[in-house]
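Colleague: Listed here are the chains, written in short residue letters.
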Amino acid sequence: MKHQVLGWVFGGLVMVAQAVAAAPKVSDPWVPEMPPGAHAYGAFMVLDNSGDEAVSLIRAEAPGFAKIELHESVDIDGMHRMIEKDEIVIPAQGQTRLAPGGYHIMLIGPEKRLVEGDTVPLTLTFSDGTVIEVDAMVRKREQMMQHRHGHH
Amino acid sequence: MLVRWVKVIGLACGVGLLTLSITGCSEPTMEERIAGFQTPDILVFRPLSEPIQPADVQLASVDGKLESADLFEGKWTLLYFGYTYCPDVCPTEMSVLSQVARTLRENKVAFPWQIVFVSVDPDRDTPEHLDTYVRYFDEAVQGVTGEPEQVRALATSVRADYRIDEASRGEVGGLKFYLIDHDTAFRLIAPDGRMVGVFPSPHRASVMTPVLESFIEEVGQS
Numbered sequence: 001m002k003h004q005v006l007g008w009v010f011g012g013l014v015m016v017a018q019a020v021a022a023a024p025k026v027s028d029p030w031v032p033e034m035p036p037g038a039h040a041y042g043a044f045m046v047l048d049n050s051g052d053e054a055v056s057l058i059r060a061e062a063p064g065f066a067k068i069e070l071h072e073s074v075d076i077d078g079m080h081r082m083i084e085k086d087e088i089v090i091p092a093q094g095q096t097r098l099a100p101g102g103y104h105i106m107l108i109g110p111e112k113r114l115v116e117g118d119t120v121p122l123t124l125t126f127s128d129g130t131v132i133e134v135d136a137m138v139r140k141r142e143q144m145m146q147h148r149h150g151h152h
Numbered sequence: 153m154l155v156r157w158v159k160v161i162g163l164a165c166g167v168g169l170l171t172l173s174i175t176g177c178s179e180p181t182m183e184e185r186i187a188g189f190q191t192p193d194i195l196v197f198r199p200l201s202e203p204i205q206p207a208d209v210q211l212a213s214v215d216g217k218l219e220s221a222d223l224f225e226g227k228w229t230l231l232y233f234g235y236t237y238c239p240d241v242c243p244t245e246m247s248v249l250s251q252v253a254r255t256l257r258e259n260k261v262a263f264p265w266q267i268v269f270v271s272v273d274p275d276r277d278t279p280e281h282l283d284t285y286v287r288y289f290d291e292a293v294q295g296v297t298g299e300p301e302q303v304r305a306l307a308t309s310v311r312a313d314y315r316i317d318e319a320s321r322g323e324v325g326g327l328k329f330y331l332i333d334h335d336t337a338f339r340l341i342a343p344d345g346r347m348v349g350v351f352p353s354p355h356r357a358s359v360m361t362p363v364l365e366s367f368i369e370e371v372g373q374s
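Sequence order for the protein chains is U and L.
Here the first sequence is numbered in my numbering, starting from 1 and rising by one per residue.
Here the second sequence is numbered in my numbering, starting from 153 and rising by one per residue.
It is worth saying that the hints were derived from the structure and are not from the lab.
Any given hint could be a false lead.
Here chain U is said to cover these stretches of chain L; the calculated rule only asks that three of the stretch's residues, wherever they fall, bring their Cβ under 8 Å from a Cβ of chain U [as the list claims (entries may be wrong)]:
1) 200–207
2) 225–239
3) 317–324
4) 335–341
5) 350–359
Virtual Cβ for every residue (Gly too), placed ideally from N, Cα, C.
Next up, chain U with everything else stripped away, as it sits in the complex (with noise of 0.2 Å):
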């Protein structure tokens, strides 16, 4: 009986890790300094994902905010708009990048002014149940940009 407790746990612990191992994961979570005066924000990150399946980002959550929403930013014909986005897919073994002028989690109605150095705890919850916490680094948007083109 004791074995077999053992079994059904250890059997667990071995479907978690085959769970684990397909999540989607997070990278360079960060949220450009905000000007003084400004009401939202975008928060940007890299999500890969090494599963077989699509799975999708339904969901962030950061204490500090009135609301947060997920959206994409496009351009139409020179008019740019915002698009609020129900999820915010990642292929199967691919990557979306959110990042600006693109796909972002949008920061609405701030507590405080977030400056560099400050962090923005988020909850993330994914499709397939995953849900990551991760904290956000605030930088100046300039040195980003550049550490961007940077690589290019």
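Starting from the structure of chain U, add chain L where the hints point.
Modeller: Okay, now just chain L, sitting in the frame of chain U:
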């Protein structure tokens, strides 16, 4: 070959001037100089060989009311339409403009210049609020707005469109919240107040600044 023709034309002009005392060989006009400017890439910069006259409107800045014509007169202006509630693209574009400003200062360019941010959201962007916002990016940026119809008239005259995204309207944390779809190009206004070129998005400061400088050097002198 080209040099020889220039010499021939020059000689003909000289002879013409001497014999007829006419000024038929005057300097090319700004329109002709713009038409002669070879843009390296129209996705980076589009010169307007037929310059556009912006509407004369009354604007408001932190220093008070001002006429748009006075704002543009005597300086090369990079004009951008945005709003401070803009979550992503405006701060990104403003970062590009601050890099342009820094490069122009480092290069000690001979021409006078300024960067103007026009808020298309006068309902929420007061001149004071706007001023704090734009100066965070660079001290050289001027923030202006105005009565809605004045801002609209200016934007329309330089072919910039914007509209409130009604679907985004709501109240968030006691704040009026809505997003605005808007044009993201940088418009170049010459010191005579006319729009002479457009830098369409996406923008890279390192790519657009040399084009801006060479255009002004080639087209600007009169």
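Colleague: Would you mind marking each hint as holding or not holding in the structure?
Modeller: Now for the hints, and whether the structure bears them out:
1. 200–207: Since three or more residues must qualify, the claim that chain U covers the region 200–207 of chain L is violated, with 0 doing so at under 8 Å.
2. 225–239: holds (count 4)
3. 317–324: holds (count 4)
4. 335–341: It holds: at least three residues are needed, and the region 335–341 of chain L offers 3 whose Cβ sits within less than 8 Å of chain U.
5. 350–359: holds (count 5)
Of the numbered hints stated above, the single one contradicted by the structure is hint 1.
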